[in-house]
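Enquirer: Protein sequences appear in the order of chains C and R.
Quick note: the first sequence uses the working numbering, first residue 1, plus one each step.
Quick note: the second sequence uses the working numbering, first residue 1, plus one each step.
Since the hints were derived computationally from the structure, they do not count as laboratory data.
Check the hints yourself; a few may be wrong.
Simulated crosslink set (BS3-like; lysine-lysine; CA at most 30 Å straight-line) [what the hints assert, rightly or not]: (1) C/K690 to R/K114; (2) R/K69 to C/K735; (3) R/K85 to C/K684; (4) C/K690 to R/K24; (5) R/K23 to C/K684; (6) R/K36 to C/K684; (7) C/K104 to C/K903; (8) R/K23 to C/K735; (9) R/K87 to C/K735; (10) C/K735 to R/K110; (11) C/K735 to R/K75; (12) R/K110 to R/K69; (13) C/K690 to R/K23; (14) C/K735 to R/K36; (15) R/K91 to C/K684; (16) R/K115 to C/K735; (17) R/K4 to R/K75; (18) R/K85 to C/K820; (19) R/K69 to R/K24; (20) R/K36 to C/K785; (21) C/K574 to C/K598; (22) R/K24 to C/K903; (23) C/K849 to R/K36; (24) C/K735 to R/K76; (25) R/K91 to C/K690; (26) R/K76 to C/K820.
Label pairs and their in silico Cβ distance ranges [what the hints assert, rightly or not]: (27) R/T40 to C/G756: 49 to 59 Å; (28) R/P12 to C/S745: 20 to 30 Å; (29) R/T40 to C/I744: 35 to 45 Å; (30) R/T104 to C/E825: 46 to 56 Å; (31) R/T104 to C/M890: 36 to 46 Å; (32) R/T104 to C/Q759: 32 to 42 Å; (33) R/N72 to C/S777: 55 to 65 Å; (34) R/T104 to C/L855: 26 to 36 Å; (35) R/E45 to C/D722: 49 to 59 Å; (36) C/K788 to R/N72: 45 to 55 Å; (37) C/H742 to R/T86: 46 to 56 Å.
Where a beta carbon is used, it is the ideal one built from N, C-alpha and C, also for glycine.
The lines below spell out each chain.
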Amino acid sequence: MPSPCDVAKYMNEVFVVFCVFLYLAILFGIAYYAEFKLKRGKSIINNPYVYALSLAVYCTAWTYYGSVGRAATHGIEFLTTYIGPTIMCALFLPMVGKILRICKAQQLTSLADFISARYGKNFTIAIVVTVFSVLGITPYIALQLKAIGKSMEVIAFNGGHVNNVNTSIFDSTFFIAGIISVFIILFGARSVDASEKHEGLVAAIAFESIVKLVAFVAAGIFVTYGLFDGFSDIFLRASRVEELRHLFQFELGTGTSYTSWMALTFLAMLAIVFLPRQFQVTVVENINENHLRKAAWLFPLYLFTINIFVLPIMFAGKLIFDNGAVDADTFVLAIPLYFNEHLLGLLIFIGGFSAATSMIIVETIALSTMISNHIALPVLLSAKNFKTAGEDKLIRTIRTIRQASILVILMLAFYYSKTVAQQATLVSIGLISFAAVAQFAPSVFGGIYWREGSQKGAMAGICMGAVIWFYTLVIPSMTSAGMISSKIMNEGLFHITMLKPYELFGLTGLDSITHSLFWSLLFNTAAYAVVSLYTKQSVQEVYQSELFVNIYKLDGPDLHRPVWRGIAYLPDLKGLLATFLGEERTQKLISSYAHRHKIPLDDKHADPRIVAFSERLLSGVIGSASARIMVSSVSKEEELKIDELLNILRESQQIIELNKELRKKSLELTRATDELRRANAILKNLDLQKDEFLYTVTHELRTPLTSIRAMAEIVHDNPDIDIEQRQHFLTGLIKETERLSHLISQVLNLERYESGKQQLNLSYVNLYTLLITVAESFEMLLNEKSIKLELDAQGNVAPWRCDEDLIHQVLVNLLSNAIKFADAENGRIALALEQKQEEVRVVVEDNGKGIAPALHQLIFDKFFQAHNQTLKKPEGSGLGLAISKKIVEMHNGKIWVESEVDKGCRFIFTLPIIE
Amino acid sequence: MARKVLVVDDDPYILMSLEFLMKKSGYEVMVARNGKEALTLVDQEVPDLVLLDIMMPDVDGYGICSYIKTNNTLKKIKVVFLSAKTKEADKQKGLDLGAELYITKPFATKELVKKIDALLAE
Numbered sequence: 001m002p003s004p005c006d007v008a009k010y011m012n013e014v015f016v017v018f019c020v021f022l023y024l025a026i027l028f029g030i031a032y033y034a035e036f037k038l039k040r041g042k043s044i045i046n047n048p049y050v051y052a053l054s055l056a057v058y059c060t061a062w063t064y065y066g067s068v069g070r071a072a073t074h075g076i077e078f079l080t081t082y083i084g085p086t087i088m089c090a091l092f093l094p095m096v097g098k099i100l101r102i103c104k105a106q107q108l109t110s111l112a113d114f115i116s117a118r119y120g121k122n123f124t125i126a127i128v129v130t131v132f133s134v135l136g137i138t139p140y141i142a143l144q145l146k147a148i149g150k151s152m153e154v155i156a157f158n159g160g161h162v163n164n165v166n167t168s169i170f171d172s173t174f175f176i177a178g179i180i181s182v183f184i185i186l187f188g189a190r191s192v193d194a195s196e197k198h199e200g201l202v203a204a205i206a207f208e209s210i211v212k213l214v215a216f217v218a219a220g221i222f223v224t225y226g227l228f229d230g231f232s233d234i235f236l237r238a239s240r241v242e243e244l245r246h247l248f249q250f251e252l253g254t255g256t257s258y259t260s261w262m263a264l265t266f267l268a269m270l271a272i273v274f275l276p277r278q279f280q281v282t283v284v285e286n287i288n289e290n291h292l293r294k295a296a297w298l299f300p301l302y303l304f305t306i307n308i309f310v311l312p313i314m315f316a317g318k319l320i321f322d323n324g325a326v327d328a329d330t331f332v333l334a335i336p337l338y339f340n341e342h343l344l345g346l347l348i349f350i351g352g353f354s355a356a357t358s359m360i361i362v363e364t365i366a367l368s369t370m371i372s373n374h375i376a377l378p379v380l381l382s383a384k385n386f387k388t389a390g391e392d393k394l395i396r397t398i399r400t401i402r403q404a405s406i407l408v409i410l411m412l413a414f415y416y417s418k419t420v421a422q423q424a425t426l427v428s429i430g431l432i433s434f435a436a437v438a439q440f441a442p443s444v445f446g447g448i449y450w451r452e453g454s455q456k457g458a459m460a461g462i463c464m465g466a467v468i469w470f471y472t473l474v475i476p477s478m479t480s481a482g483m484i485s486s487k488i489m490n491e492g493l494f495h496i497t498m499l500k501p502y503e504l505f506g507l508t509g510l511d512s513i514t515h516s517l518f519w520s521l522l523f524n525t526a527a528y529a530v531v532s533l534y535t536k537q538s539v540q541e542v543y544q545s546e547l548f549v550n551i552y553k554l555d556g557p558d559l560h561r562p563v564w565r566g567i568a569y570l571p572d573l574k575g576l577l578a579t580f581l582g583e584e585r586t587q588k589l590i591s592s593y594a595h596r597h598k599i600p601l602d603d604k605h606a607d608p609r610i611v612a613f614s615e616r617l618l619s620g621v622i623g624s625a626s627a628r629i630m631v632s633s634v635s636k637e638e639e640l641k642i643d644e645l646l647n648i649l650r651e652s653q654q655i656i657e658l659n660k661e662l663r664k665k666s667l668e669l670t671r672a673t674d675e676l677r678r679a680n681a682i683l684k685n686l687d688l689q690k691d692e693f694l695y696t697v698t699h700e701l702r703t704p705l706t707s708i709r710a711m712a713e714i715v716h717d718n719p720d721i722d723i724e725q726r727q728h729f730l731t732g733l734i735k736e737t738e739r740l741s742h743l744i745s746q747v748l749n750l751e752r753y754e755s756g757k758q759q760l761n762l763s764y765v766n767l768y769t770l771l772i773t774v775a776e777s778f779e780m781l782l783n784e785k786s787i788k789l790e791l792d793a794q795g796n797v798a799p800w801r802c803d804e805d806l807i808h809q810v811l812v813n814l815l816s817n818a819i820k821f822a823d824a825e826n827g828r829i830a831l832a833l834e835q836k837q838e839e840v841r842v843v844v845e846d847n848g849k850g851i852a853p854a855l856h857q858l859i860f861d862k863f864f865q866a867h868n869q870t871l872k873k874p875e876g877s878g879l880g881l882a883i884s885k886k887i888v889e890m891h892n893g894k895i896w897v898e899s900e901v902d903k904g905c906r907f908i909f910t911l912p913i914i915e
Numbered sequence: 001m002a003r004k005v006l007v008v009d010d011d012p013y014i015l016m017s018l019e020f021l022m023k024k025s026g027y028e029v030m031v032a033r034n035g036k037e038a039l040t041l042v043d044q045e046v047p048d049l050v051l052l053d054i055m056m057p058d059v060d061g062y063g064i065c066s067y068i069k070t071n072n073t074l075k076k077i078k079v080v081f082l083s084a085k086t087k088e089a090d091k092q093k094g095l096d097l098g099a100e101l102y103i104t105k106p107f108a109t110k111e112l113v114k115k116i117d118a119l120l121a122e
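Isolated chain C, as found in the complex (with noise of 0.2 Å):
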C-alpha cells in the first residue's frame, strides 16, 4: 500500500510547454494533410468511423479529469452525463435525423439560424439564441482553459497538491488559448461559406479523439493492472474505508437522489444535441446522413470504453493520497506521476489537452458563426453602403468578422477561467452550461413536430427559461464567487422568501441543476405553448413550419414548388450572390442547379426556384434570416395570403405523392414485366421439352413399329416359307406388340405422374413381403442369366405407408436394370431394406460396369439412353428410372445412385413417413 504523498513530484515545465506545441504542431500536420487530400478529391473524414469519433468530441476535459472528480464526491452519478447521450442514440435517433435532414434542405448552420429559420427567418430569435448560447457556453470553455492550466500545474509544479496555486495571469495557457485561436482561424473561419465542411478540422478532432481514448484507458490501465491486482482488488481494498463506502451505493442522502439522476440524464440527452459543438460536429459537419446510423452505436461504444476505468481510478486515488492532499480532479495524471511514470504522465496530460482543446476548437467555431451570422452581418448589411464597396472587401468583412468573434470568445473564456471559474469545480461549471442549451428543447423539439408553434412562443419560451436559469444558477455562482451580495441567497430578491434562488416558489429538497431544470424547463414549455396557441404565426412562418414538420414529405427528389411571388431579375440575383460567393463559384452554382432541374437561364427573370435556390446558398453564408431579407431586397416581392400559401403547399405535398405513386406503380409495372418475361421464358423452355420428348416417344415408338410391318409383310407376302422362320417372325411379332404397348403405357404413366394427376392410393405395406414378391417375379430371368440374389433386409420393418402398385413398379424398374447390368458372367445383385429413424431405405446393387459419376444425375432424365447413342443400349423404354424417381418424390422421398465406372451401381431410394 502506497504511503501518503509528501514531496511534490513533477517534471520539466519547459519540456511540458514543448511537448504541448509538438502535440499543437501535429494536430495542423493532420488539418492541414486532410485539406490538401481534399483537393486531391479524396475526403479522409467521409466515413462513419471519422464522424462517430467527431461526435466524441463530446467529452472534455470535464470527462477526462472531472468524472474522477465527481465520482469521489458523488458515486458513480457521473454516468448520467453518457448515459444520456446514450439514451438518445438509441431511442430518438429519428430525431436528430429529422433535424439533420432539415438543415440539409436549408442549409442552416447553426442552432441560432436552425430555430430562426424555423420561426419565420426571424432576426430577433436569433440573436436570443446567439447571446444565450454565448453566456451559457463561455464558462464552459473558459472551464477547459482552466483545466489544461490546472493539468500544467500538476505535471509541471506540484504533483497535484490543493495548495500552492499559480494565479498569474500571462502564463503558458495565455499561449495556449493564442496558438488554439490561430489554429481556429486558419482551419475554421478561412472561408466565409459557413455550410462548407471543415475537413482538416474535424480530421483534427476526430483525431483527438483518439488520442484522449487511448491516454485515459492507459491510465487505467496502469492503475488497475500496474498498481492494484484488478478491478476486484481495488474495489475490495476501498470497500474496506469508512468514508469510501458510501459512494458505492445509490441512496437518497448522499447527494445523489433518484430525482437528480433523472434530471442529469435527462440534461444529458438534451446537451447531445443542443451543445453548440454537438449541433455542428452531427449537423453542420456531417457529410452523409447514412453515417448518423452507425455513430449511433459507435459513440455509445465510445462513451462506454472511456468510463470503464474512472471508479478504478477515483478509489485508487482516494487510498494512495488518502490525507487529501491531492485534489480528485487530477488524481488521473498526480497517480502516474507520482510514481514516477513521467512518459504515462505526459501522455495522459496530452490527452486531457486533446480533450480541452477539441473541445475550444468546436466550440469557439460554432458561438462564431452565430456571432456573425446573427449579430454582426445583420448590423454590416443593413448599412446601405454594403453593395457598393464591392464583393472581396465584403467577403474580407465577413472573414473578419468571423475571426474577431473567435477572439473575442476566446479571451472571454480566459478571462473568466482567470476569475470566477477559479472557484467552481469542473463538473459544476459544464452541468450549468447544459441547463442553459436545455432551454432550447422546447422550441427545436415543438418546432420539427408541432406546426402550430410559433415565433413569439419560442421567444417567450426561451427567454423565460434563460432567465430562471439565470437566476437559479448563475446568481449564486457569482454570490459563491464575491460578486454579488450572498443576502439574495438566503433572504431572496427583494427579501420575498419564495424567490431564493436555490428554494424558487419554496421548492425544497432538489439538489441545484434539478431544481434549475425543473422550473425552467416548466416555465419555458408553459410559455411556449400557451404564446404559440394564442398568436398567430406569419405567412413565412407558417411556411418554414411546413417545411419542418413535413420535411419528409415536401422534400424529395422532386423539389417543391417554391412558395414564392413576386419579380426578380436574374442579373440581380446574381450580383448579390456573387458578393458573398464570388463571381466564377456563383455562375458556375446557378448554372449547374439551372442544368440539373432544366430550368431556363436566358429569362431575364428569374425561375421562383432559382430564387429559393439562391436564398438557401446564401444561408449557408450569412443565415436564413439575412439571406431571406437580402434576396426581397433584390426583387419585388407580393406578400402571399396565409389560405393561398396553404394551399400552394398542399397541392405541392400532393404533386410529391402522386410522383411517389408514379413511381412505385411504374416499380411495380417494370416488376410484372419481368416476371411475364421470365414466365415466358420459362413456358418457351418447356414447349421446347414437350417437342423434344413428342419427338423422343415417336421416335422410340418407330423402331418395334418397323418391324411389325416388316415382319407381318414378310409373312403375309411369303405363304410358303417353312415353317420355323414363319414361327420365328410370328414370335417377334409378339414381343415387339409387347414392347411397343409397353412403352406406350409407361409414356402415359409418367404423364400422368408429371401433370399431378395420379393420386396416391396410400396403405400400410409391408415392403419386405413387397420386395420378395417382386424378386420372386423376376426368378426365371434371374435363372436363365444365373445371376445370384442376395437379400439383406432387417424383417422387423413396420409397416409403411405408401402406394403398393407404385412402389412395386419402382422395385422392377430398378431390379429390371440390375438385372441388366449386372455381370454377363458372375451377376450378383444384393437388395437391402433398413429402417432409419423417420425413413426407409431400399438399396439394389449390382456388380456390373458402373455408371460415371457425370451421369449420376442425367440417367434420372426421361430416354435418357436413346439422346446418347454411344452407350450400350439395353432393350427397355428409357423412362424406367424416370418413372421411378417421379414416384419416389410423390413420396416425398428422395432416389439417387452411387457408382463408379467398373465397380456396379448401388441404386437407393428413401420413404419418409407420409402423415
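Based on these hints, arrange chain R on the given structure of chain C.
Expert: Quick look at chain R alone, frame taken from chain C:
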C-alpha cells in the same frame, strides 16, 4: 455373280427381316449388329450396297457412311440409310455425306426392295 448387300442394324427383328428380304431378292447378305462389325465387313468384303441404321452404340450410321464415301476404294459402295430419325435436317445430313437414299422407318417392304433392286441395277 450375286451382288453383296451389308445390312447394319442393332434391332434383331429388323435385322432378321431385312436379311430375309435381301436374300429373297437374290443377293448375298451379310449382317452387322453394331458400327464396328459393320466397318470390319465393309473393309473385308467391300459389298455393293449397305443398308444402314443411324442410331447405334459405338460408331453411328453417319460415321460409317462418311468412312465409306471418303475412301477412294470404297466410295463406289452404295449407301442406303434406314432410320427412325424423320427430321428433314437428319435426312439432309445423310444425303450430304454421300448416301444414295434415305428411307424412314417404318417402311413398306415391297417399296424398299424395289428401290434397292433399281439402285443395284444401275
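Enquirer: Taking the hints in turn, state whether each one holds.
Expert: Outcome of the hint check:
{"no.": "1", "hint": "C/K690 to R/K114", "in the structure": "violated (38 Å)"}
{"no.": "2", "hint": "R/K69 to C/K735", "in the structure": "violated (37 Å)"}
{"no.": "3", "hint": "R/K85 to C/K684", "in the structure": "holds (24 Å)"}
{"no.": "4", "hint": "C/K690 to R/K24", "in the structure": "violated (42 Å)"}
{"no.": "5", "hint": "R/K23 to C/K684", "in the structure": "violated (50 Å)"}
{"no.": "6", "hint": "R/K36 to C/K684", "in the structure": "violated (40 Å)"}
{"no.": "7", "hint": "C/K104 to C/K903", "in the structure": "violated (73 Å)"}
{"no.": "8", "hint": "R/K23 to C/K735", "in the structure": "holds (24 Å)"}
{"no.": "9", "hint": "R/K87 to C/K735", "in the structure": "holds (28 Å)"}
{"no.": "10", "hint": "C/K735 to R/K110", "in the structure": "holds (23 Å)"}
{"no.": "11", "hint": "C/K735 to R/K75", "in the structure": "violated (38 Å)"}
{"no.": "12", "hint": "R/K110 to R/K69", "in the structure": "holds (27 Å)"}
{"no.": "13", "hint": "C/K690 to R/K23", "in the structure": "violated (42 Å)"}
{"no.": "14", "hint": "C/K735 to R/K36", "in the structure": "holds (27 Å)"}
{"no.": "15", "hint": "R/K91 to C/K684", "in the structure": "holds (26 Å)"}
{"no.": "16", "hint": "R/K115 to C/K735", "in the structure": "holds (29 Å)"}
{"no.": "17", "hint": "R/K4 to R/K75", "in the structure": "holds (15 Å)"}
{"no.": "18", "hint": "R/K85 to C/K820", "in the structure": "holds (26 Å)"}
{"no.": "19", "hint": "R/K69 to R/K24", "in the structure": "holds (28 Å)"}
{"no.": "20", "hint": "R/K36 to C/K785", "in the structure": "holds (26 Å)"}
{"no.": "21", "hint": "C/K574 to C/K598", "in the structure": "holds (18 Å)"}
{"no.": "22", "hint": "R/K24 to C/K903", "in the structure": "violated (47 Å)"}
{"no.": "23", "hint": "C/K849 to R/K36", "in the structure": "holds (20 Å)"}
{"no.": "24", "hint": "C/K735 to R/K76", "in the structure": "violated (38 Å)"}
{"no.": "25", "hint": "R/K91 to C/K690", "in the structure": "holds (22 Å)"}
{"no.": "26", "hint": "R/K76 to C/K820", "in the structure": "violated (40 Å)"}
{"no.": "27", "hint": "R/T40 to C/G756: 49 to 59 Å", "in the structure": "holds (51 Å)"}
{"no.": "28", "hint": "R/P12 to C/S745: 20 to 30 Å", "in the structure": "holds (23 Å)"}
{"no.": "29", "hint": "R/T40 to C/I744: 35 to 45 Å", "in the structure": "holds (37 Å)"}
{"no.": "30", "hint": "R/T104 to C/E825: 46 to 56 Å", "in the structure": "violated (39 Å)"}
{"no.": "31", "hint": "R/T104 to C/M890: 36 to 46 Å", "in the structure": "holds (38 Å)"}
{"no.": "32", "hint": "R/T104 to C/Q759: 32 to 42 Å", "in the structure": "holds (40 Å)"}
{"no.": "33", "hint": "R/N72 to C/S777: 55 to 65 Å", "in the structure": "holds (56 Å)"}
{"no.": "34", "hint": "R/T104 to C/L855: 26 to 36 Å", "in the structure": "holds (30 Å)"}
{"no.": "35", "hint": "R/E45 to C/D722: 49 to 59 Å", "in the structure": "violated (27 Å)"}
{"no.": "36", "hint": "C/K788 to R/N72: 45 to 55 Å", "in the structure": "holds (53 Å)"}
{"no.": "37", "hint": "C/H742 to R/T86: 46 to 56 Å", "in the structure": "violated (22 Å)"}
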